[in-house]
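Can you build the whole structure from these sequences, using the hints too?
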Amino acid sequence: MASQPRIRIDRASIGYNGRSVQTGISADIAPGEIFAIVGDSGSGKSTLLKTMVGLLPILEGNIQFDGQPLDMSGAAGPPPFGILFQGGALWSSMTLLENVMMPMEMHDHAAPAAREALARFKLALVGLPGHEERYPADLSGGMRKRAALARALALDPSVLFLDEPSAGLDPLSSRRLDQLILSLRDGLGITVVIVTHELESLYSIADRMLFLDGELHHPTALGAPGELVRTSDNAKVREFLTRKGMDCSTSEATP
Amino acid sequence: MVDTRQDGDSLILTIPAGGIDPAQLAAPPQTLPAGGISTLRVEAPTGWKWGTVDAAFLAGLLSQLRGEGPNAPDVRVEGVPRDLAKLLDLARSAPAPAEAKPQPGLRKRLGKATLAQWDESKAMMALIGEVVWRLPRFFTGRAMLRRNEVMDVIAESSTNALIIVAIVNVLMGAILAFVGAVQLKAFGAGLYVADLVGIASVRELAPVMTAIVLAGRTGASFAARIATMQGNEEIDALTTLGVPPEEFLVLPRVVALSLLMPLLYVYACALSLVGGLVVAISMLDITATAYMVETQAAIKSANFYIGGLKSLVFGAMVALIGCRCGLRAGRSAADVGQATTSAVVNAIVAIIAVDALFAICANALGI
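Sequence order for the protein chains is A and B. Going by our numbering, the letters in the first sequence line up with residues 10 to 264, in that order. Going by our numbering, the letters in the second sequence line up with residues 2 to 368, in that order.
Please keep in mind that the hints were generated in silico from the structure rather than gathered at the bench. There's no promise every hint is true.
[To be verified] Derived contacts from chain B toward chain A, CB cut-off under 8 Å, selection only: (1) Ala24; (2) Met145; (3) Asn233.
[Unchecked claim] Label pairs and their calculated CB-CB ranges: (4) B/Ala114 to A/Asp216: 48 to 54 Å; (5) A/Gly150 to B/Asn161: 48 to 54 Å; (6) B/Ala127 to A/Gly177: 44 to 50 Å.
By construction, the Cβ of each residue, glycine as well, lies at the ideal position given by its N, Cα and C atoms.
Right, dumping it as structure tokens:
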């Protein structure tokens, strides 16, 4: 890779409560890349994501953002990433506008007078104009996800982490969310790291994917989904990628 | 009743026309050949509709024929539909339930509980340290929190608590006066009921009872709210945005309750004295003026300072314990209940223990 990777994962071991879930994870994620983390249930996809954002300590190896280890002490300013949690994790006592404005206020991001306009813009960006004063409990699952995405964008991050963004959404909402993620990457140049089970999402938006094997406890494939489905020497990876999305893969693989 | 007979190395099982009696699942055939069976041939009535009872019975029978262990000989099944044979294979390949771990002994359990308590104490001290360290940021307006959070917590915790604090303290004052009046009247010292009620309320009962009420209401509510946020990943969202939960959630609550408790303490003292006054003038031959003069003479300013200091400490303790129980909660609904319960229980125990410490210190200092 010619330029410096946005994120470098170097021989990382991840787990929780001292128990290792995956070992030997290495990957360079380029700026502007959409990088998917996939694998069987319980293989440690969300654990890897939480380790990357500093919610869980790394057991071995290291993870760097733009060549620097992640510093969550606040001394280095706001974090370089935004994150969309599986359930949205919107603060239930705040309106959508307050949810998006809160990170800006905490980090003195933008001029105080501009924050509300910025928050409204970000909510409009995810298709929620006119819903600024509503509370998370009043929204549908898809709307909550989009509002959480707006909050993740609040501090104009260079990296966006998405933990199963399509989980619990109907196919139409799921496809719209995929389109939104692509637009955000193309329009804002954001690097996206996505944990997903959805083959359709995987084929339509991911540039590359890392497959975590829950039985072997280490990654068994790294590459473009369309290529891996044809060329991977790992039967489990091929089986995973052909589960139901063969037509998607062939259409993606042959531009 | 199922009929079984042996034919060489085959066991032939005939399913009766009425089907297998489900009661037989609990008591499979007792007389089975001991080993040497390689095939189980099932004979079912023509057009038999296979069901789960048949499958469960056959799975049990096969497991008996095969015996246990990884090297147990295989037994082929004939005479059943292919799908059912697959099911029987699946049932065989299902992992055996893990053996229950032996219960650790008393010493081990005690040791584990002690270590857990030690870890919890360290975490609590760390939280206190975090809050104290961040206090200057709060007072200089640099803390990462919402400005109206402190006022919201004070409003939420004060107005709704006024009635219950009033009821508890009026009754405590009245009870003290009643008990005192009965005893002191016998010695012709009825007027000293005012001393008893005054000193006991101002120094001990008002701060302790108010703190206990706050632990049950506000401390529990802090724990439930933060534990729910934990379950919804809202705390993770704060952390990943670079906003320390100790600063955003704990600090405003500790400051709010520390400011609120002394105010509630003064209110509780006044109501406790009123409770004592009502009982004293109705039971004893003393006037309200005499009672109030005696109360004024009895209560030294030191009593007020001690009571006020206690209420401030108790307020901070209730908030810290409530928040800590919420922050350490797991992510399930049961964890929210557990966090709430432990917030109340721990806060009450801590209030009593710290009150005892205050008593020892005050005694040593001669206050």
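We went through each hint and held it up to the structure:
Against a cut-off of 8 Å between C-beta atoms, the interface hint on B/Ala24 is violated, since the closest Cβ of chain A lies about 38 Å away. Residue-level restraint check for B/Met145 holds (minimum Cβ-Cβ distance to chain A is 5 Å; threshold 8 Å). Of the supplied interface hints, the one on B/Asn233 holds, with its beta-carbon coming within about 6 Å of a beta-carbon of chain A, less than 8 Å. Range check, B/Ala114 to A/Asp216: about 51 Å between beta-carbon atoms, so the 48 to 54 Å window is met.
The supplied range of 48 to 54 Å is broken by A/Gly150 and B/Asn161, whose beta-carbon atoms lie about 33 Å from each other. Between B/Ala127 and A/Gly177 the C-beta distance comes to about 36 Å, which lies outside the given range of 44 to 50 Å.
Violation of the numbered hints given earlier is confined to hints 1, 5 and 6; the remaining hints are satisfied by the structure.
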